[in-house]
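Just so you know, the sequences run in chain order Z and U. Counting from 12, one number per residue, gives the positions in the first sequence under my numbering. Counting from 36, one number per residue, gives the positions in the second sequence under my numbering.
Just so you know, not all the hints are guaranteed correct.
Unchecked claim - Pairs of lysine to any residue, SDA-like flavour, derived with a Cα cap of 20 Å:
#1 Lys266(U) / Thr26(Z)
#2 Lys333(U) / Thr26(Z)
#3 Lys333(U) / Thr263(U)
As the list claims (entries may be wrong) - Far from chain Z by the CB rule (all over 12 Å, computed), these chain U residues:
#4 Leu75
#5 Leu80
#6 Met116
#7 Val128
#8 Arg133
#9 Leu290
#10 Leu312
#11 Gly325
#12 Met330
#13 Arg403
What the hints assert, rightly or not - According to the in silico footprint, chain Z covers these stretches of chain U (three or more CB under 8 Å from chain Z):
#14 53-59
#15 193-206
#16 224-234
Simulated from the structure, these hints should not be mistaken for laboratory data. No residue lacks a Cβ here, since even glycine has one placed at the ideal position from N, Cα and C.
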Amino acid sequence: MRKRRRHAPLLTEQTQQLTFTRRALVVGGLQGAVGLLLAGRMAYIAIAENERSQLQAEENRVHLRLIPPRRGWIVDRNGLPIAQNRSNFRIDLLPDRVDDEDQLLAQLQPLLDLTPDDIERVKTELARAGSQPVQVKELPGDRYDQYAAVVLRQQEMPGVSPLRGFSRQYPEGAAVGHLIGYVGTPNREEFLAANRNPLFVTPGFKIGKEGLEKTMEATLEGRPGAARVEMTARGRIVRELDSLDDTPGQQVRTTIDIGLQSYAARRLGDESGACVVIDCRSGDILCLASMPAYDPNAFADGISRNEWAFLAEDQRKPLLNKALNGLYPPGSTFKPTVAMALLRAGVDPNERVFCGGGYSLGNRTFRCLGRHGPMNMHQAIARSCNTYFYSMGRRVGIDALAPVCREMGFGTRFDLPVVSQHYGTVPDAGWKVRRFDQQWGQADTLNTSIGQGYVSVNPLQLAISSARIASGRDLQPRLLLTDAPPGPALPYSDEAFAAVRGGMWEVVNGAGTAVRSRLPFRDIQMAGKTGTAQVRRITGTQRGQSGEWRFRDHGLFIFFAPTDNPIYAGAVVIEHGLGGARAAAPVAKDVMTYLFDKELAMQALLPLEQSWGGNIAERTARRAEAWAAGRAAATQNGG
Amino acid sequence: MALPLVPRAIANQPWLPMIVSSILAGLGFLTLYSAAGGKLTPWALPHGMRFGVFFVLALALSYVRPGWWKETVVYAYLGVMLLLVVVLGMGVVGGGARSWLDFGPIRLQPSELIKPVLVIALATFYTHMPPSNIRTFGALWPAGLMISIPVGVILLQPDLGTSMLLTLSGITTMFLAGLPLMWFIGGALFVGLAIPAIFPFLMQHQQERIMILLDPSQDPLGSGYHITQSKIAIGSGGITGQGYLNGTQSHLQFLPEQHTDFIFSALAEEWGLVGGLFLLVCLGLLLWWGMRVAMRAKGRYEKLLAGGLTSIIFFYASINLMMVMGLAPVVGIPLPLVSWGGSAMMTVMICLGLLMGIERQNWRDAQR
């Protein structure tokens, strides 16, 4: 208290005035100092950081956007489209700019009619996408309304990128599935394999994933265009600054006759099998059908896990190209080839072998399907007599058989633009030692002579064997249309060919195994050979003609027509079809009919399709529905 | 100083604040016009019209004798405090804080009104206090209470920027009132030591903002985004700017809040260092004029009031500018008169109105 009293007189209004002035000067000075600090700071940013900031602002503003090249078309031999482009709209998500994917997808769901399957697929893809765009949906060109609805709301949905572009379309759908393959967004491995080519992460860019789309990628791909665009912070494009047009990919012209391909696929129906037709004047593959098949259009906008499971779990294997990768014992369809080998080894086609219903080797009896009596080569082919081939095959030996079988196309991998082909086995002594470390036995020769045992072939090889016998030339199959000359003539006499071709003629048109599949023309005849191949060893009375589907015999048929001047040759394989005459030959008959009279062939097909319950797409949809229902029931029971 | 040819009624107007505030609002108008992509709506035109209204209001306020505020400040203070409490209960949330009262066409932030009212209250308090008491504890605690009650309520909204601004202008008024210097030095030391101590108790987003200020590159796409983009905008402007209507940072929305808190960056991008310094000079002129009014005032009340009001304008501008240049955390304080938004403009124009009122009082005193 004392202290304050002593100071008290000093604190007058006068001194307070002075204090205020002093302190006001301090405050003003401090304010000025802050002002100078701010001016200095601003000068520093504007001058020292000017260059870097301008660069950063430019980086913010300008984005280089690649324009995916339009993919080349794949057309058939007449120029009809097999794979084409369709203008479309697509909605992508840019993972970097998405805040809340659940909310975003909930907003998009009503706009795009997303199914739970779609949403699940987008979520899994987002989880592993890194910074690559994820496609939400591809809208066909006539759904401008949905596209516009998304564009309008783009401001409220950061990370959504609507684009106009092109999508791949396959007018024939599943009929060309295995042949053409499909396209899809490149995955991470493909991106890395392409040296991180930025095109691979551009929304809308697709590469071939299977079939011709994959093997002809370099031709089909084209070169991308580019555009420099000004973009807002939210990813909206304000304007295009300049652009360079894309160079569309080149067309790939195949040897396929798309009408025939489609007809064959439809004619195979619900069976699991393949149908190959070759022009035996040139080697052109006119038809390479394998059913059931996936619809490549379904892969265009991404396939969900359910769709994939449906395909992968089907015992008829819609993901397997049976024409190239299905391996089957050829059974009796091997006999014309074996006959060529016998002729090559000097067997007289008129020599007769007596068939008493089987052939004895030591104490084993190799059975024939009938008691054919005396048989020459012509008759043995027509009636499919095993005894003749056992006997003659044993006489010439495996070393005479195997090289000719290879000459006819078996065991061969052809030079074709396909992803893979399984070339099977033409067994001989050396092969058996290598494979099983066992000596070759006479029984092996007998089995090989009738196309059983170790022999395995694919349908394309069957068709080629038929085409080579029919044309007498070393034909090479072709998938791309070129002017290359057909192969050189095979070293056999006309008589030799006449014996085998004559036998095959009789199979269909005489006293043979496939007379019911004669062509419905007066002047055009088809020659052929049926085959029934065992899937497993015959045990007891079960002969593969009944019982569970997957243990039934395969039905095979090779053919060529017209007989007098062959133009077409081919093969049909029906998995577990019980018999060649029963399952495969009728398909070949209709397919050949199509080549000579389309209307007549259609008249045969339409009632069949009606009895099966609709066309391929309708039947597939129904099966998918049943599958999903069965799976739902299984989950319920299991849970 | 009146020129002989000019009528007294026109010569005796506080021309400097009238002109400078119009220039600042004009800069705001131009920048808002550009930020909207060369359109008068939605910002530029309402901004101009609003300024016109507040300009008239400020002129009207300048004719009220400063002494009148002294007599009514108790009611004003209690009234605004009531509004502040009401706003906590039934206010509208905007910008993350519950700070708005919605009266149909007019939306009001009571936390803006409290700023001039608090300064009037403090000036009144120290005017009534006998000079001999100024160095006692009795000079500190009532003023401290007057400041901390509204600050506490505003912190509950929560609005860190406004409470900081209110505290700083209150303390400046106390400093001008002549409280012992040691108290301020000690207080500053205490706060300096306390910030690291209370840091762990701050909310997470407040902690982040402080950390990011130290190193914006830590999080260029998150909270540091604002500061980084703002510096890019100022930096890319260089000395003469990108040219009017050519700023890409603002037009392509890389600059966040380009029409409110970060309007200075948008301006600097297009007008460069030249434009930015011009704006700084304008603000400096206004503050210089305010402090001069304070120094020339006769009465202690007028002096304290003028000094405190000037400090409000100063803290508005300096916190905002430090924020956009990366010297202060992003706290959401607009640039007075330039930024879009009526509340801050209203506060600053009320302050200018009161300051002009004090200048008229000074003229009357000088004539006596």
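| request: Return the numbers of the hints above that this structure violates; sort them in rising order. | output: Structure breaks hints 1, 3, 9, 10, 11, 12, 14, 15 and 16.
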